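**Q** Which chain is which? The protein sequence lines are P and H, in order. Position one of the first sequence corresponds to residue 1 (our numbering), numbered consecutively onward. Position one of the second sequence corresponds to residue 1001 (our numbering), numbered consecutively onward.
Hints listed in this document are in silico derivations from the structure and should not be mistaken for laboratory results. Only a predicted model underlies this, so the values are computations on that prediction, with no experimental measurement involved. We treat Cβ as the ideally placed atom computed from N, Cα and C, and that holds for glycine. Take the hints with a grain of salt, since some may be wrong.
Stated by the list, open to error - Sample of chain H residues at the chain P side, in silico, Cβ under 8 Å:
1) LEU1017
2) ALA1019
3) GLY1200
4) ARG1205
5) TYR1239
6) GLY1265
7) ALA1278
8) PHE1281
9) ARG1297
10) GLY1298
11) ALA1354
12) TYR1485
13) ARG1486
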Amino acid sequence: MKQKSLIDDLHDIQEEEEKNYLPRNKMIKTAKTTRISEAKVYGVSTFYTMFSVYPRGKHIIRVCRNLSCHLSDAEKIAEKLKEILNVDFGETTKDGEFTLEESSCLGMCSVSPAMTIDDEPFGNLVPENISEILRKIKEGSKK
Amino acid sequence: MKIYRIHALICAGAQCLAAGGNGFEDALKNELKKHNIEEEVRVVETGCMGACQLGPLLVVYPEGIMYTNVEAKDAKEIVEEHFLKGRPVKRLMWKKEGKEEFPGLKDIPFFAKQTKVVLRNCGLINPEDINEYIARDGYKALAKAIVEMEPKDVIDVVKESGLRGRGGAGFPTGLKWGFAANQDSEEKYMICNADEGDPGAYMDRSVLEGDPHSVIEGMMIAGYAIGANRGYIYVRAEYPLAVRRLETAIKQAKQTGLLGKNILGTNFSFDIELRMGAGAFVCGEETALISSIEGKRGEPRKKPPFPAISGLFGKPTIINNVETLANLPVIVDKGAKFFKQFGTEKSPGTKVFALAGKVNISGLVEVPMGTSLRKIVFDIGGGIPEGHTFKGALTGGPSGGVIPMEFIDTPMDYESLPALGTIMGSGGLIIMDETSCMVDVAKFFLKFTVDESCGKCVPCREGTRQMLKILERITSGRGREEDIYRLEKIGELIKLTALCGLGQTAPNPVLSTIRYFKEEYLAHIVDKKCPAKVCEFSALKGGRNKYEAKVTH
Chain P
1 MKQKSLIDDL HDIQEEEEKN YLPRNKMIKT AKTTRISEAK VYGVSTFYTM
51 FSVYPRGKHI IRVCRNLSCH LSDAEKIAEK LKEILNVDFG ETTKDGEFTL
101 EESSCLGMCS VSPAMTIDDE PFGNLVPENI SEILRKIKEG SKK
Chain H
1001 MKIYRIHALI CAGAQCLAAG GNGFEDALKN ELKKHNIEEE VRVVETGCMG
1051 ACQLGPLLVV YPEGIMYTNV EAKDAKEIVE EHFLKGRPVK RLMWKKEGKE
1101 EFPGLKDIPF FAKQTKVVLR NCGLINPEDI NEYIARDGYK ALAKAIVEME
1151 PKDVIDVVKE SGLRGRGGAG FPTGLKWGFA ANQDSEEKYM ICNADEGDPG
1201 AYMDRSVLEG DPHSVIEGMM IAGYAIGANR GYIYVRAEYP LAVRRLETAI
1251 KQAKQTGLLG KNILGTNFSF DIELRMGAGA FVCGEETALI SSIEGKRGEP
1301 RKKPPFPAIS GLFGKPTIIN NVETLANLPV IVDKGAKFFK QFGTEKSPGT
1351 KVFALAGKVN ISGLVEVPMG TSLRKIVFDI GGGIPEGHTF KGALTGGPSG
1401 GVIPMEFIDT PMDYESLPAL GTIMGSGGLI IMDETSCMVD VAKFFLKFTV
1451 DESCGKCVPC REGTRQMLKI LERITSGRGR EEDIYRLEKI GELIKLTALC
1501 GLGQTAPNPV LSTIRYFKEE YLAHIVDKKC PAKVCEFSAL KGGRNKYEAK
1551 VTH
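With these hints in hand, go ahead and build the complete structure from the sequences.
**A** Next comes the structure, spelled out in structure tokens:
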């Protein structure tokens, strides 16, 4: 009896893609199989911030930019990430490993500043530790 | 049943994991193996224990000793000294003002001064084992409801308890249920709103991660009361751990026969599906949430018709928040009178707050409704870090406002907070000291609303943008004297005309900070100074500029 919604379908597509995005041909295919117009599928794909219609990196870094983190200098973490990765928010590194994004509240205010990389949470961040975290993620090992 | 000499409870809430990962648990298990006491010590991964700032946390029973900030390298000492020799590791124990160790959990004010109803199991049981929930009277209320009570009786007891929606608005839950129960429809739906998006709020996440079955049981009780056989939990994608624990809980409930057809041999059948959001704050608004579950863009709809009459797929639908649902098993099991002993007459029960910001111990706090802000911040949260002073507390996130020092003794309930120009909201409580600039905070929330506005109605889409422009002007030293009046005027207009709750409450942080901290706005506008030294007036550096000339005449 499991009925999937269009949003579930889009999550599935995006997860399968190495580049974490919704390719045009797959959106069109989904439109056909669900009998939802292409325009509507595109409308949903672009409404939600976690979907991307452009290719992204293997790992998505989401830096929490909300008030608790803001009050504990999340700006410095963001700057450090931009510096190391040499990208701005919304951009992907040249090697295709990381995409840097801003996130709404991750609910980790007590360990602010916080971020997630893919599904893994990181808290009490200091600029000095960022490159080590990125290195471990790149190597595929858990912290 | 196997008896263990020691229980070691490790917090596996998202924040403790974020603070230290699984390193400590792995190290602890290795040490136990090394000393061959794996059969004597049981390691349990629990949900959030509450004192998130001091995580990763470990509690050792039977003594109830709490260790804070544990790291992998501490495991050896804890096992060799405490577990083998019975000598607690004082170095790692929670200390009173950094000096004397508290002997046990019950002696620590942060825990002793709380009243746990919603968080009754959080941090105590393994959320991934349904048997631990059942052992704590889990699903007893469900059995009582569907075997001994008629749906109408369930609604009556909830009405009598006075339970009000914990999502923010505080609408009486039983009354809302009554609307849907009276609808004559083959199909009805019960939805759990787990799209907790308010900045600074993480109560719902902690309940979902720490005690998912209490939410499932609550949904089933609600479903039985209104005549629904299908439930949806709409959870935001930013909470992957909560999603995983919910999936496990639903699977176990199905395997145990507590979800599915003819539950406990009755005629009541109920199934729950999980729906994931994809990053849109507005989906916490109930009509937008319905659109999103239907697979559409999460845009709000006009009310009426209210969801209780025509909701998901056009059918009668009740949407309750996570914390509301977690209260239900207690109300049904122990009765309305038990529940009403906590809180105030008009706001009965407890409220969970997520305490964050400039406070000594931030984390999850559950207190009776009507508890004063002072008690929460100073008695439980341990006050403001040394050398700083309390300036204000933000409640209700981007829909709320600020409570200044002069009102710190106000009881936190659904009546008192609106009188101060703020709202209870879902329970986020961000504490600010003198280093926080109120204009900057207002700007911060408005930027949030501008980003999150779905764009459907003009007042929210355009109005908040104009307000943000004015605030950006003020915080960069280019403010004009008429700006305060303009902010108030646009704000009032948005409140009156926006389509949904998100828009209608968006101006609140600005209006509230103007109400209590007008002099700070004036300092920015007239004196070109930020009293908290947060805003940078770079445009003014190096002498005159065209804006300065405008305001001086």
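**Q** Hints the structure violates: just list their numbers, smallest first.
**A** 6, 12, 13
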